[in-house]
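Trainee: Please arrange chains D, V, P, H, L, F and Z on chain W, whose structure you already have, making use of the hints.
Protein chains in written order, with numbering that gives the first Met the number 0: chain W, 0 to 251; chain D, 0 to 251; chain V, 0 to 251; chain P, 0 to 251; chain H, 0 to 251; chain L, 0 to 251; chain F, 0 to 251; chain Z, 0 to 251.
Among the clues, some could well be false.
[Said to hold, decoys possible] Under the rule of at most 20 Å between Cα atoms (straight-line distance), these lysine to aspartate or glutamate pairs were calculated in the EDC-like manner:
| hint | chain 1 | residue 1 | chain 2 | residue 2 |
| --- | --- | --- | --- | --- |
| 1 | Z | LYS194 | F | ASP75 |
| 2 | W | LYS101 | F | ASP61 |
| 3 | L | LYS194 | H | ASP75 |
| 4 | Z | LYS194 | F | GLU74 |
| 5 | V | LYS194 | P | GLU74 |
| 6 | F | LYS101 | H | ASP35 |
| 7 | V | LYS101 | W | ASP61 |
| 8 | H | LYS194 | L | GLU74 |
| 9 | D | LYS194 | W | GLU147 |
| 10 | F | LYS194 | Z | ASP75 |
| 11 | W | LYS194 | D | ASP75 |
| 12 | V | LYS101 | W | ASP35 |
| 13 | P | LYS194 | V | ASP75 |
| 14 | P | LYS194 | V | GLU147 |
| 15 | F | LYS194 | Z | GLU147 |
| 16 | H | LYS101 | V | ASP35 |
| 17 | V | LYS194 | P | GLU147 |
| 18 | W | LYS101 | F | ASP35 |
Everything labelled a hint here was simulated from the structure, so no lab data went into it.
8 protein chains.
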Amino acid sequence: MNQDNLTKVLSQVANGFLSVENAQRQLKHISFENIDFAQIDHHRSLRKGFPEVIFGQGKTSDQIIGIMERMIINEDIILVTRLEKKKAQKITSKFQGADYFKDAKLLWLKKNEPKITGIGKILVISAGTSDIPVAKEAFLTAKAMGNEVDSIFDVGVAGIHRLFAYQEQIIKATVLIVVAGMEGALPSVVAGMVKAPVIAVPTSIGYGSSFKGMTALLGMLNSCSSNIAVVNIDNGFGAGFMASSINHVSAA
Amino acid sequence: MNQDNLTKVLSQVANGFLSVENAQRQLKHISFENIDFAQIDHHRSLRKGFPEVIFGQGKTSDQIIGIMERMIINEDIILVTRLEKKKAQKITSKFQGADYFKDAKLLWLKKNEPKITGIGKILVISAGTSDIPVAKEAFLTAKAMGNEVDSIFDVGVAGIHRLFAYQEQIIKATVLIVVAGMEGALPSVVAGMVKAPVIAVPTSIGYGSSFKGMTALLGMLNSCSSNIAVVNIDNGFGAGFMASSINHVSAA
Amino acid sequence: MNQDNLTKVLSQVANGFLSVENAQRQLKHISFENIDFAQIDHHRSLRKGFPEVIFGQGKTSDQIIGIMERMIINEDIILVTRLEKKKAQKITSKFQGADYFKDAKLLWLKKNEPKITGIGKILVISAGTSDIPVAKEAFLTAKAMGNEVDSIFDVGVAGIHRLFAYQEQIIKATVLIVVAGMEGALPSVVAGMVKAPVIAVPTSIGYGSSFKGMTALLGMLNSCSSNIAVVNIDNGFGAGFMASSINHVSAA
Amino acid sequence: MNQDNLTKVLSQVANGFLSVENAQRQLKHISFENIDFAQIDHHRSLRKGFPEVIFGQGKTSDQIIGIMERMIINEDIILVTRLEKKKAQKITSKFQGADYFKDAKLLWLKKNEPKITGIGKILVISAGTSDIPVAKEAFLTAKAMGNEVDSIFDVGVAGIHRLFAYQEQIIKATVLIVVAGMEGALPSVVAGMVKAPVIAVPTSIGYGSSFKGMTALLGMLNSCSSNIAVVNIDNGFGAGFMASSINHVSAA
Amino acid sequence: MNQDNLTKVLSQVANGFLSVENAQRQLKHISFENIDFAQIDHHRSLRKGFPEVIFGQGKTSDQIIGIMERMIINEDIILVTRLEKKKAQKITSKFQGADYFKDAKLLWLKKNEPKITGIGKILVISAGTSDIPVAKEAFLTAKAMGNEVDSIFDVGVAGIHRLFAYQEQIIKATVLIVVAGMEGALPSVVAGMVKAPVIAVPTSIGYGSSFKGMTALLGMLNSCSSNIAVVNIDNGFGAGFMASSINHVSAA
Amino acid sequence: MNQDNLTKVLSQVANGFLSVENAQRQLKHISFENIDFAQIDHHRSLRKGFPEVIFGQGKTSDQIIGIMERMIINEDIILVTRLEKKKAQKITSKFQGADYFKDAKLLWLKKNEPKITGIGKILVISAGTSDIPVAKEAFLTAKAMGNEVDSIFDVGVAGIHRLFAYQEQIIKATVLIVVAGMEGALPSVVAGMVKAPVIAVPTSIGYGSSFKGMTALLGMLNSCSSNIAVVNIDNGFGAGFMASSINHVSAA
Amino acid sequence: MNQDNLTKVLSQVANGFLSVENAQRQLKHISFENIDFAQIDHHRSLRKGFPEVIFGQGKTSDQIIGIMERMIINEDIILVTRLEKKKAQKITSKFQGADYFKDAKLLWLKKNEPKITGIGKILVISAGTSDIPVAKEAFLTAKAMGNEVDSIFDVGVAGIHRLFAYQEQIIKATVLIVVAGMEGALPSVVAGMVKAPVIAVPTSIGYGSSFKGMTALLGMLNSCSSNIAVVNIDNGFGAGFMASSINHVSAA
Amino acid sequence: MNQDNLTKVLSQVANGFLSVENAQRQLKHISFENIDFAQIDHHRSLRKGFPEVIFGQGKTSDQIIGIMERMIINEDIILVTRLEKKKAQKITSKFQGADYFKDAKLLWLKKNEPKITGIGKILVISAGTSDIPVAKEAFLTAKAMGNEVDSIFDVGVAGIHRLFAYQEQIIKATVLIVVAGMEGALPSVVAGMVKAPVIAVPTSIGYGSSFKGMTALLGMLNSCSSNIAVVNIDNGFGAGFMASSINHVSAA
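Just chain W, with the same shape it has in the complex (with noise of 0.2 Å):
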């Protein structure tokens, strides 16, 4: 439902066309929309900027491809996060137009490139090799909901001196992201070198005593800088929503 849809809808009850009842129950219908197995927020586009994305993992095809069809309807641009390559194959094959990238386990289908309307630009940086696939996820969703991304990887402070040399680029950034597994300092250490927010991924990579991300967690929120925040372990897409977020405030 978009604002256009929602005036129309609010004047007619203004002017008495249209009964206090009968648009509760109209509004409710264009609010979300239920389809058996799920709920379709359609109201989120108009509450949050952008409309709700779809979680693959735990959804059959068949349920995926029922929601797309409903949104895709009313909203210029559908995400579908944590989806398998098998998945995603019976999707791509049903909507020709929509991409699949296999590290991010992203997919995206979109009516028009979106258009750039954040602040400046957010800078994903991730500590080791294995990180990446978080960090793409990360930037694919900021990229989808119309920021600048730039992206520098492995750069983790086994080799401090790596991260220094992009310090020029590191202090440009807008909103950073960083992505880490192992221990996750690294969050920590770009969040001292910058006054702009740090959103701090913690990855599952590692073993042993990593309990599978919690010590990067962990790490992450005992940060000694102060200008840093923390999403769940591999939540990627919620990085780079809260992002996005950030890089479009503005005052009411």
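Mentor: Coordinates of chains D, V, P, H, L, F and Z only, in the frame set by chain W:
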């Protein structure tokens, strides 16, 4: 060390009036100062836009006074966090312009009122009465860093109509800080209502399996809303700092 | 063992036709039956109002069939939970009246439709599409135990207007089962809306620090609402059983 | 806000004597009241059948008295939980009709004796002598909410014949609350004896690997009995509230 | 190395026929044997009354056969635990007298039936059908070590009358092994019925917050009965070994 | 209730002098006694060979005295564990024959010296000086229950030659109790030296990641020796009780 | 980048043949190389005395080959750890001089045999047969880095005489690596025997409450011996690296 | 027991002046001494190059004085760790030459200044002001054991330029001890700068999810640098001891 001093040193190097070795030594002293028990990071104002904040816990009042005496020379405002009442009294009798906020365990000493430099308004929301001290620490930190800040206290999800009564104010905020203990559900609900970024702050309020805030922390990290990122348990200061950082973003 | 048989044995003892020793031996066999790998609790129908339920996980299909053959003599309905599809096929080819529900991994075999004996209606609510299998296990269990049951799926707190659209139906329920993964916030919000008892069911849906449902479980245990109690992670069966138990309370 | 006032406002809206905007504003104030440090949920009596309960921990006696003064205008009974003796003394000297129960750390102030409105009898059972304070908090909460309540203390499983001596009383209860620390086995055994719903309450009694009640909590969540649901550690209040909610179920 | 060989060597030293250095070297080889990937503890029979037991998990069938070939020279019985079926087949085709117990994943090879040397009877009790494999491992281990052993399976606390039906047999046992998963309450109840020592064995049976046996383990460690001690999760072998050790105690 | 009284009641039933109903009622009172805050398990001596032990923690001295007054009528010895010095003083001034052991926080009151009834000797070994209080609780408990007991303190594995100096004494023990904090390695080493059963007792001695005894507990549960079983952290009483139970085993 | 190249660049700057800007750019490329998915730290040989080691897990064989091709230009030896057999086969067919060690999952490619440069001998000790793969990874890593290395396998504490048989060899070692799973007691015992530094390596060998090595890790961190430090679970590589670092210490 | 005494005893055995039995008995007393509450390990100087260190926590000042009186006969230096001020005062009034270091809670008593016997210099680095007490414990321990030691305090990663200012000093160290709380990132960064071995010491400094040092500990164990090993939380003593052990390595 402010921007002007730095420019002067660098020009002298460029002109050959100052050798690289001497400049290096001089800049080292400008950038931080070794006072035995601390290495004061005078460079932080330059780098991060706000001077180093003194973590009061685990320092004696004498140590804190010592650090404040060095910092006040160059800085417009000094913040001390996690400061017990007894230590605060010693400090306020030394620096008579200092203000101590008992609830928030925060002290500030400022040469003049901080200028409002942020983009919009920061809104601090807390779930329960017992979460107020953490919420106030966030509030005052954001205030000190040049932001307009508002607050709504005691609007937890057990009586969710209280929250919706403030919907208009919530939707208008540029950045939101949401503070909650127990199950920590409030940030999810608030983030679902807005497109602005939400900083979630778990508190140690609760008992039994609340595990001193761990339950609230985990709940917030697993939020089904996406415009959310989390700071450490009871870390009102970090939330205020991050929110201010977000409220000051700009293109490079 | 039904009530009639029991009465007969006891009368014989009273009349001296049956010695205490013999009665004891006979009642022992009536109350449960030792079939090598299991001690079937035939007494459970008498004691608890519903026959022993077969936990399918970790039993072979032959073992399950063996138990069912003994139970079907005395019982009107047999429930098998956590039953994999393959085992279910063997069982349904043996007992042709049996119904298998793939989503819920539940099978039942019944002599006739269960009579509705509960006080009012049980309502099963789930937060996300992926929580549906657990919700369905609860739904079917309650159904089998003689309750009217309704359901609302996919009304998580990220779009809380979807929940409020069903407010009327929610308020009318006699008992509610609320199923959620991730941060597990939905039961708190629902319990805040009603005076009826709410059974909260955490699911293992989520990733990273959701810890396979632990985060949702802890959140529910620390709910700021009070008309709430919690069952084990993914324990749809237990929730349905407890809800039915509540829906059948009576004065002594 | 009671039912009558609400009816009056709504009629005025229907008749056009009150605009929607004004009614909205008025109902907002009726539904809750902002007294600086708290947003008292006056609507709770209407919604949940019992007024908001004051969680005493972390509030000053002045704050509690402030809230009580507002609430007593509209409510017949006020409950304060987790209240230390010292604070209680201040409160009872202010409200002379108030009763304080030291063991249970609970205070109530009531205009008249609560009417018995529940379906049957609630029975509170505790495993050990040290579990009695939690059991009493449950007992008094249920009492305050209009239930007949009985109790059996110190019947832990190490001498299980003590429990079976009370079998008749146990079987007759409409709802059971079973309180236990250490390994928390008692609720499983009790639930195996009855068909009524059992609320299991873990306590923090124990040492070493009892982890302040975590072991009892986990044991109860994994009960092999099914007519059981669990509340937070030491949450006697929640257990009493939930039991009362169950003891008051009715068809819509 | 049996007692006789040892006596011979020592006599030779006493008589001066064997130097201390040579005796030391000889006894070193007798006491254990280095076969590249293992240091077989031949001394164990002497020291502990039973030869070293081969932990099958993580060893190849060739490694196991290699160790068995060396051990069978001196020992009357060899036990292999945690042995997968495939490996077992290779071993039984090599040692045709070996018996493999699929449920218990245990293999033994013996020169003659173990003599009953224990004081009394060991009784193995299990809570559920799924706990039987662990119970059988305990049963067979105790059997192999020269004990009379009995078993009662599937007498969990949800239908506690099944347990009491076996009261006489339970009271007569010299040592008891009680195996249970889920909440692990059975050992507490059994230990409350007897004065004999009870070995509690938690199993990994359960789901959700059973944490693969951790909940049962913690419950057993916190038992309110005192004639109880606990072994590792699923450690049927250890329980059988410990029970046999108890069943063979004697004055010095 | 001793054996004689029981025999008398049962004979009367057999002869028809006592109806079943009356006998049942009488035996119920004999078996335990309800004194308001406790249900004293008088039947325990009969069933377990030792009277109920009073857990002092969380009981007032008046409650303890109340229980002791009832018990001393029928019992030869009363044990109170986890008893603070202050409470002990009140009790010893009431019962002048009582002995209080400050280190072990244990009190006993006995009519005459316990007869030595155990099979052999129990040996208590502790790793460090700080583990002595727990070791002494085990020592005294075993003593009270009719066992010969010896002890060796401060023989931790960091200087393992100290342990081997006592090898002869260790090998001769009938049952061993091994008490250790920190990494808890001592029981493994001791159990490797003997064939007798070893009760391992973790203590809360240590710091940092010793987690108040959790590390020692886990280490002991995962021992590579097999004649070992474990009790709760700091549970010297349980260890002494279990060791006595083992030292009293007999054929049925 | 070796020492000679670096000297050349720096001399040119000193002589004015190379501007500071150009030198900076050149050194940046020398210090590390950006090959899209990795930033190869060529500077590491200079800084740490050994080239960057390739962590094979989570990289494709093509990525590994790509990195090896760049590194082999400047380095004498390349190490790849945690390398699955399949990937290894592709790599050894590309680099025919490469050796793959299946047990240790380690591959090396070297221009010539590493020179022995360490101070003394490194001794690798393992507790059980199943710990050998981790022990071998440590062994080979230390070997590759220029150390003499010896090993003793399968000398766990359950038969501690096996360990003492090797006392002489143990006492002579310059650095010790002790590898153990289950309760992880071996490093404490070994460290108590020597004055040399001991690197303790917990392994994930065990079951139940061994928690995949966590129990062994905690045990080692709480060792009552002091010449001990610990690496991550299963981290044979890190242990070998650290031991080599110790075996190469020198005065500045 | 020093080397000379030992030689004398052994010669007498060789010459036949002393029987094996007598020598064994004599060496037993020399090797350790049983003083009731402790078995003083006099052999430790011989075996480990430094006398047994007294762990002050949990011992009375009288016990400590008792041990010191025995030890001072044979030893040149005695170390007491984790010693509270009050106990220290009693000890220093008894042994007037003893020095007590309040910050580090460490006391030493020495006959003469320890000779510098280590290979090079040990450098202690700490992240924050609050980590200084742990750093000082490490510093003094290493000092007492015959090492040259330096320190740099308060150079945490939030202002990483402070660390690099000391790069030269850091690179020259023979062994490094790096002490940090909160996220514990400093050791990774330092280890990335040097080839010398780094001992990482987590501290309990932090709050919320720092879990009293657990987060720092896990971070250090998962370091992406490899010349690192870790000791227990707040274990400055162990770090100093291990560093000294490394600084004294030699070929056999």
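Trainee: Please go over all the hints and tell whether each is borne out by the structure.
Mentor: Taking the hints in turn, this is what the structure says about them:
1. A C-alpha spacing of about 18 Å is found between LYS194/Z and ASP75/F, which places the hinted pair at or below 20 Å, so the restraint holds.
2. Straight-line distance between C-alpha atoms of LYS101/W and ASP61/F comes to about 17 Å, which keeps the hinted pair within the 20 Å bound.
3. A threshold of 20 Å between alpha carbons decides the hint, and for LYS194/L with ASP75/H the separation of about 18 Å falls inside it, so the pair holds.
4. For the hint linking LYS194/Z to GLU74/F, the alpha-carbon distance of about 17 Å falls within 20 Å, and the restraint holds.
5. Restraint check for LYS194/V and GLU74/P: the C-alpha separation of about 17 Å stays at or below 20 Å, so the hint holds.
6. A threshold of 20 Å between alpha carbons decides the hint, and for LYS101/F with ASP35/H the separation of about 17 Å falls inside it, so the pair holds.
7. Of the pairs offered as hints, the one joining LYS101/V and ASP61/W holds, with about 17 Å between alpha carbons and a cut-off of 20 Å not exceeded.
8. A threshold of 20 Å between alpha carbons decides the hint, and for LYS194/H with GLU74/L the separation of about 17 Å falls inside it, so the pair holds.
9. Distance restraint check for LYS194/D and GLU147/W: the Cα-Cα separation of roughly 19 Å lies within the 20 Å cut-off, and the hinted pair is therefore satisfied.
10. About 18 Å separates the Cα atoms of LYS194/F and ASP75/Z, which keeps this hinted pair within 20 Å; it holds.
11. Straight-line distance between C-alpha atoms of LYS194/W and ASP75/D comes to about 18 Å, which keeps the hinted pair within the 20 Å bound.
12. Annotation: proposed proximity of LYS101/V to ASP35/W holds, straight-line Cα distance about 17 Å (limit 20 Å).
13. Restraint check for LYS194/P and ASP75/V: satisfied, since their Cα atoms lie roughly 18 Å apart, inside the 20 Å limit.
14. The suggested pairing of LYS194/P with GLU147/V holds, with an alpha-carbon distance near 19 Å, which does not exceed 20 Å.
15. Distance restraint check for LYS194/F and GLU147/Z: the Cα-Cα separation of roughly 19 Å lies within the 20 Å cut-off, and the hinted pair is therefore satisfied.
16. A threshold of 20 Å between alpha carbons decides the hint, and for LYS101/H with ASP35/V the separation of about 17 Å falls inside it, so the pair holds.
17. For the hint pairing LYS194/V with GLU147/P, the CA-to-CA distance comes to about 19 Å; that is within 20 Å, so the pair holds.
18. For the hint pairing LYS101/W with ASP35/F, the CA-to-CA distance comes to about 17 Å; that is within 20 Å, so the pair holds.
In this structure, none of the earlier numbered hints is contradicted; all agree with it.
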